[in-house]
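Peer 1: The primary structure of each chain is shown beneath.
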Amino acid sequence: MVFFDSVSINYITSKTIIPALKNVNLFINNGDHLGLVGESGSGKTTLALAIPRLLPNNAKIISGRILWYDTDILRASAKSLNQIRKNISIIFQNALACLNPLLPIGKQIADVLRYKAGKSVIVSKIRAIDLLAQLGFTNPEQLARKYPFELSGGMAQRVLIAMAIAAEPRLIIADEPTTGLDVIVQMEILHLWRDLLSQFKSALLLISHDIRVVIDLCEKIACMYHGEIVEKGVTQRIVSDPRHPYTAGLMQSFYGIQKRMFPFIPGVPTVSVQEQTCGFLPRCSFRTEKCLVEPPPYVQIEEGWEVKCWRPLGLQTCA
Amino acid sequence: MRYFTWWSVVCLFCVFLAGLVVPLLYPRDPRTPYPGSKLEPPSAKYWFGTDVYGMDVFSRTFYAIRVDLILAIIAVLFAICIGLPLGALSGIIGGIFDEVIMRICDILQAFPPVFLAMTFLITLGNNLSNLLIVMALLNIPVYAKMVRSVAMSLKTAEFVQAAYAAGHSRLTAAMKHVVPNVLTPVFAQFPLSCAYAVQMIAGFGFLGLGIKPPEPEWGSMINQNATYIISGCWWPTIFPGIMIILFSFLLNDIANKLHKLTT
Chain A
1 MVFFDSVSIN
11 YITSKTIIPA
21 LKNVNLFINN
31 GDHLGLVGES
41 GSGKTTLALA
51 IPRLLPNNAK
61 IISGRILWYD
71 TDILRASAKS
81 LNQIRKNISI
91 IFQNALACLN
101 PLLPIGKQIA
111 DVLRYKAGKS
121 VIVSKIRAID
131 LLAQLGFTNP
141 EQLARKYPFE
151 LSGGMAQRVL
161 IAMAIAAEPR
171 LIIADEPTTG
181 LDVIVQMEIL
191 HLWRDLLSQF
201 KSALLLISHD
211 IRVVIDLCEK
221 IACMYHGEIV
231 EKGVTQRIVS
241 DPRHPYTAGL
251 MQSFYGIQKR
261 MFPFIPGVPT
271 VSVQEQTCGF
281 LPRCSFRTEK
291 CLVEPPPYVQ
301 IEEGWEVKCW
311 RPLGLQTCA
Chain B
1001 MRYFTWWSVV
1011 CLFCVFLAGL
1021 VVPLLYPRDP
1031 RTPYPGSKLE
1041 PPSAKYWFGT
1051 DVYGMDVFSR
1061 TFYAIRVDLI
1071 LAIIAVLFAI
1081 CIGLPLGALS
1091 GIIGGIFDEV
1101 IMRICDILQA
1111 FPPVFLAMTF
1121 LITLGNNLSN
1131 LLIVMALLNI
1141 PVYAKMVRSV
1151 AMSLKTAEFV
1161 QAAYAAGHSR
1171 LTAAMKHVVP
1181 NVLTPVFAQF
1191 PLSCAYAVQM
1201 IAGFGFLGLG
1211 IKPPEPEWGS
1221 MINQNATYII
1231 SGCWWPTIFP
1241 GIMIILFSFL
1251 LNDIANKLHK
1261 LTT
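Sequence order for the protein chains is A and B.
Here our numbering is used: position 35 in the first sequence is 35, and no number is missing along the way.
Just add 1000 to the spot in the second sequence (first one is 1) and you have our numbering.
None of these hints come from the bench; they were simulated from the model.
By construction, the Cβ of each residue, glycine as well, lies at the ideal position given by its N, Cα and C atoms.
One or more of the hints may lead you astray.
Said to hold, decoys possible - Away from chain A, derived, C-beta distances all over 10 Å, residues of chain B: (1) Pro1035; (2) Leu1077; (3) Ile1082; (4) Pro1085; (5) Ile1104; (6) Leu1108; (7) Pro1113; (8) Gly1125; (9) Leu1258.
Unchecked claim - If you only want the chain A side, here are some residues facing chain B, beta carbon under 7 Å, derived: (10) Leu54; (11) Asn82; (12) Arg85; (13) Ile90; (14) Phe92; (15) Cys98; (16) Leu99; (17) Asn100; (18) Leu102.
With the rest of the complex left out, here is chain A (with noise of 0.2 Å):
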């Protein structure tokens, strides 16, 4: 359904170039759940938000293409690239400024109908209400009359997910979902999230830095480090067995504070664009003479499982 070939996105700024995503191939089959890891400037909503091609002004695109089935985004026509948009839904990170504050809830939803789905006013007004119904809320006729500075995190997160699934898109591109949340709301939207994609066969593309989250809702995990895709494959095969030094990193942090130990990954991520080769390497702590001269190819594990390193890690058990 959707596939990265090769792309290379750079945001330039007045000073500098600061390389967003490099050569990132990636495919997203239809009802694939697919999360997205990696810490802050890993390029995860860079990749998330090149899809719709909703990328900032300064972003530019340097090399590759974004497929939808036949369909280049990255060239297409602002006609098509409006169809292809009503495919995909978007949840970003806070909720609350997702949803325009002059309107009231069941209106939005209503719209969301109306745009995308065609369905006229009167349905779309009735199904806005019972998909909040749907979404666990007690009394929907009256919450679709609340504007959103009536409603908490949680509320409008799931509001943003009865926007999102209203016209069952192709596509659900979630940045972040349960980021901001306490703790019993999370779970809650956990929950929900799990509901609703056993009942829909809508794609998610889900970025979080909450391993957690992606281990409980994706089947299919991709990790991110300085624009690169580094490791990709099953998730739950990466979990407990990860190659890349990176990933391995990241595992065992998550685990670790499970254990009440707090391991770390050594150093900070640099941001250069002269660097050729991993990107990983000034906090390495296997690298080889190798990785200083040549970028590492990615490497095969098994039948969709990918590592970009010269020295994928042997089995190593992080759980």
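Chain B: place on chain A using the hints.
Peer 2: Same frame as chain A, but now just chain B:
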């Protein structure tokens, strides 16, 4: 809803209503001079006295509410009708269009208002429609710049991005999500601009621009009778002066409260 006191709105409404009703009930015409009773002090016959031409000051003062306030409101609405779309487009489209519009606004604001109005009215004719145009011209940059700044920040707001992501075109997203949200500061600015416009119209009237006697207008009333203050005839100038202050105060107070309510 946050705390909002209505007393200034109620006062303004009452005074405006008086402006509509008093000339209908009070027997003396605001434009008719009574030659035998020039500069009569306030009495039961002439409540606010008469002016230098023998015209009734009470009738003129209240009749002028229609002229000054309605003219001010029309001029500001006219400015909003042009400034709002210009500012919104400027903020959303950006680039050269934005540069051109903003530089024109800068040029308009660079002139001192009275100088601009005098030049305009003297060149194109000293009449009511030209006064309206010049008042609108003075207010257009205020609205265009204000709306532009809000539109620019809204352009990148997440709910507008979400609208783009939903497949809305730039125009639809702008009309549906940006424009309604820029109206809030416009509402707060509206009474303030009206207060300023009332002062400007009275100011121009005082300088002999715009509305001409015998049409009642506070500024021109003060101008005609100002020289008689020193001979003790305070009534033809004090009452219109009080009205200007009252309207400016009430409109400023409403603007202030609206501003607090919306921020």
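Peer 1: Indicate, hint by hint, whether the structure satisfies it.
Peer 2: Verification of the hints:
1. Pro1035: holds, 59 Å
2. Leu1077: Check passes; 21 Å lies beyond 10 Å.
3. Ile1082: Its Cβ never comes within 10 Å of chain A, the nearest being 23 Å, so this holds.
4. Pro1085: With a cut-off of 10 Å, proline 1085 of chain B remains clear of chain A, as the shortest Cβ separation is near 18 Å.
5. Ile1104: Fine: 24 Å to the nearest Cβ keeps isoleucine 1104 of chain B off the interface.
6. Leu1108: holds, 29 Å
7. Pro1113: Check passes; 33 Å lies beyond 10 Å.
8. Gly1125: holds, 43 Å
9. Leu1258: With a cut-off of 10 Å, leucine 1258 of chain B remains clear of chain A, as the shortest Cβ separation is near 16 Å.
10. Leu54: The hint holds - leucine 54 of chain A has a Cβ within 7 Å of chain B, the shortest such distance being about 6 Å.
11. Asn82: At 4 Å from the nearest chain B Cβ, asparagine 82 of chain A passes the 7 Å test, so the hint holds.
12. Arg85: At about 4 Å, which falls below the 7 Å cut-off, the nearest Cβ of chain B leaves the hint on arginine 85 of chain A intact, so it holds.
13. Ile90: For isoleucine 90 of chain A, the interface hint holds, since the closest Cβ of chain B sits about 4 Å away, which is under 7 Å.
14. Phe92: holds, 5 Å
15. Cys98: Interface hint status for cysteine 98 of chain A: holds (5 Å vs cutoff 7 Å).
16. Leu99: holds, 6 Å
17. Asn100: holds, 5 Å
18. Leu102: Because about 5 Å separates leucine 102 of chain A from the closest Cβ in chain B, which is inside the 7 Å limit, the hint holds.
When each numbered hint is compared with the structure, no violation occurs for any of them.
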